[in-house]
Amino acid sequence: MRKKQALDRGDVPTLLPFIGYGSTSWVRVFARVLLAREDAFEAGHRLTKVVQDGVRGWRNFVSPPLPYAEVHVDIDGVTHTVRADRSGVVDTVLPASLGEGWQSITLHVADGDSANADIFVISDQARSGVMCDVDDTVVVTALPRPLLAAWNSFVLDEHARTPTPGMSVLLNRIVEAEAKSPVFYVSTGAWNVAQTLTRFLARNLYPFGPLLLTSWGPTEHRWFRSGVEHKVTALRRLAEDFPHITWILIGDDGQHDPEIYADFARDYPHQVRAIAIRQLTPSEALLAGGRAEETRYSTPGIPWVYGPDGATLELQLERLGILDPQSETASPLAWPASIQQNESKAVAELQQDYPRFTQDIPRED
1 MRKKQALDRG
11 DVPTLLPFIG
21 YGSTSWVRVF
31 ARVLLAREDA
41 FEAGHRLTKV
51 VQDGVRGWRN
61 FVSPPLPYAE
71 VHVDIDGVTH
81 TVRADRSGVV
91 DTVLPASLGE
101 GWQSITLHVA
111 DGDSANADIF
121 VISDQARSGV
131 MCDVDDTVVV
141 TALPRPLLAA
151 WNSFVLDEHA
161 RTPTPGMSVL
171 LNRIVEAEAK
181 SPVFYVSTGA
191 WNVAQTLTRF
201 LARNLYPFGP
211 LLLTSWGPTE
221 HRWFRSGVEH
231 KVTALRRLAE
241 DFPHITWILI
251 GDDGQHDPEI
261 YADFARDYPH
271 QVRAIAIRQL
281 TPSEALLAGG
291 RAEETRYSTP
301 GIPWVYGPDG
311 ATLELQLERL
321 GILDPQSETA
331 SPLAWPASIQ
341 QNESKAVAEL
351 QQDYPRFTQD
361 IPRED
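Start counting the sequence shown at 1; every next residue gets the next number (my numbering).
If you're looking for bench data, these hints aren't it; they were derived computationally from the structure. The beta carbon of each residue, even a glycine, is placed where N, CA and C say it ideally should be. What you were told as hints is all true, and nothing was included just to trick you.
Label pairs and their in silico Cβ distance ranges: (1) Glu259 / Leu94: 32 to 42 Å; (2) Gly321 / Glu259: 22 to 32 Å; (3) Arg319 / Arg266: 19 to 29 Å; (4) Arg236 / Tyr68: 20 to 30 Å.
Starting from the given sequences, assemble the full structure and let the hints guide the process.
Encoded structure:
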């Protein structure tokens, strides 16, 4: 019904590319296919006013997906044809031979709409990485868990989200210790928030990395999707895909993360370097449904650190020797060109609409 109405309005198949990842022999590609107005997106990025459109998620959320859409993926001159799932989401692994670091691939739909997707190719020499929770770890939500999915889906302005104090510095410190270290952000949020989370990470100086999100709505077997199951599956898949990497797991103590991480550490003890848990405030813990039980002693040989913010966790990781206070030689992962271009457009838009308040921002010629 929604698909027919969208087509009657003249909406066209539109690609929204997301950050992918892979090795030197394969890549995992993420995208979403929607029916949207022809002028609503440019190269897969929604055209909206940065400030005036404060709560802008509804358009992205109600734009009907195009189930089972055929998508062509161009990787280094080779074209692969894949299909989206019933939610319009593309999540597929394809053979590839790309150099390590940030690469770009191109996606097309049948009517000719195309968009580039950033892919982070993990080096075979990488020895450490980060798996980081998003809700109440990277971003402070302060919402009851039953409302969290709705907030993540409808309130998509990155300015409406509060970063956790010190957490971006912590993640950058970890990445600086080894420049080839990948960072993955795992969230129970739906794919329609991917672009907003990406902007949030960029604006708050988090190291850039792939987002591992989920589809909105019921599955074939249940009415509601399991956030715990999604995280468990994501962690195990990364462990299997990159057995040469040991991970620092970062989350919060709101019920599930410590238990998930403890189980993962017991199953993959040689692939966990440390577990860092942000302690929620009493009010945050209440909204999260309580605190998780103490689990640090259930994983002998794997250090746990606890703290209310990134600075406290950083200090404890230094004391354990996991972070070197003198490590200043390596550089964090640079943002891909597509993100830098989007940020430049956002700054230019602000300068045009609000010249009085942006007169001190250098203009790019």
